[in-house]
Amino acid sequence: MNTLHSLHPGSSILLMAGFCLILLVSCKKEDSPDTVDCTGLTPTYTSDIKTILDASCAKSGCHDATSMANNYNLSTYATAKPVSQNNRFLGAIQHKSGFNAMPQDAQKLSQDKIDLLTCWVQNGSPE
Numbered sequence: 518m519n520t521l522h523s524l525h526p527g528s529s530i531l532l533m534a535g536f537c538l539i540l541l542v543s544c545k546k547e548d549s550p551d552t553v554d555c556t557g558l559t560p561t562y563t564s565d566i567k568t569i570l571d572a573s574c575a576k577s578g579c580h581d582a583t584s585m586a587n588n589y590n591l592s593t594y595a596t597a598k599p600v601s602q603n604n605r606f607l608g609a610i611q612h613k614s615g616f617n618a619m620p621q622d623a624q625k626l627s628q629d630k631i632d633l634l635t636c637w638v639q640n641g642s643p644e
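Residue numbers (the working numbering): 518 to 644.
Since the hints were derived computationally from the structure, they do not count as laboratory data.
Worth double-checking, as some hints may not be accurate.
To be verified - Calculated cross-link-like contacts (lysine-lysine; reagent style DSSO-like; alpha-carbon spacing at most 30 Å):
hint: 1; residue 1: Lys576; residue 2: Lys598
hint: 2; residue 1: Lys598; residue 2: Lys625
hint: 3; residue 1: Lys598; residue 2: Lys630
To be verified - Label-pair ranges, simulated between beta-carbon atoms:
hint: 4; residue 1: Gln639; residue 2: His612; range: 17 to 27 Å
hint: 5; residue 1: Met585; residue 2: Gly557; range: 33 to 43 Å
hint: 6; residue 1: Gly557; residue 2: Asn588; range: 11 to 21 Å
hint: 7; residue 1: Thr556; residue 2: Ser577; range: 29 to 39 Å
hint: 8; residue 1: Thr556; residue 2: Met585; range: 31 to 41 Å
Glycine residues also receive a C-beta, built at the ideal position from the N, C-alpha and C atoms.
Construct the complete structure from the given sequences, taking the supplied hints into account.
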């Protein structure tokens, strides 16, 4: 015996509506990376960003030219700029919901460093 046929005719519609509602509520959108007021901040890769990336990201076993975890190489400007233009870069360093928090297995970067990286990206990731 089919249990849906034994239900009151309106019950199966309510059951399906409830199921659809559960699906909609369980869907989760990634948070967007935060923006920062960059007034007076014009970080460049060469003078500000490279040292942060080298110390925290472009290390052996992570995002250096040899390891390239998840195919991300942050060891040179030519390879870091395209990665920085992806929302996943800022979402990860800002520890946003829906992103893999970076640096992995280490403390979150200081807010000053996160702001510098964010302003660098917002300004087009200049060299």
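Hint numbers the structure violates, sorted upward? Checked against the structure, the only hint that fails is number 6, while the rest are satisfied.
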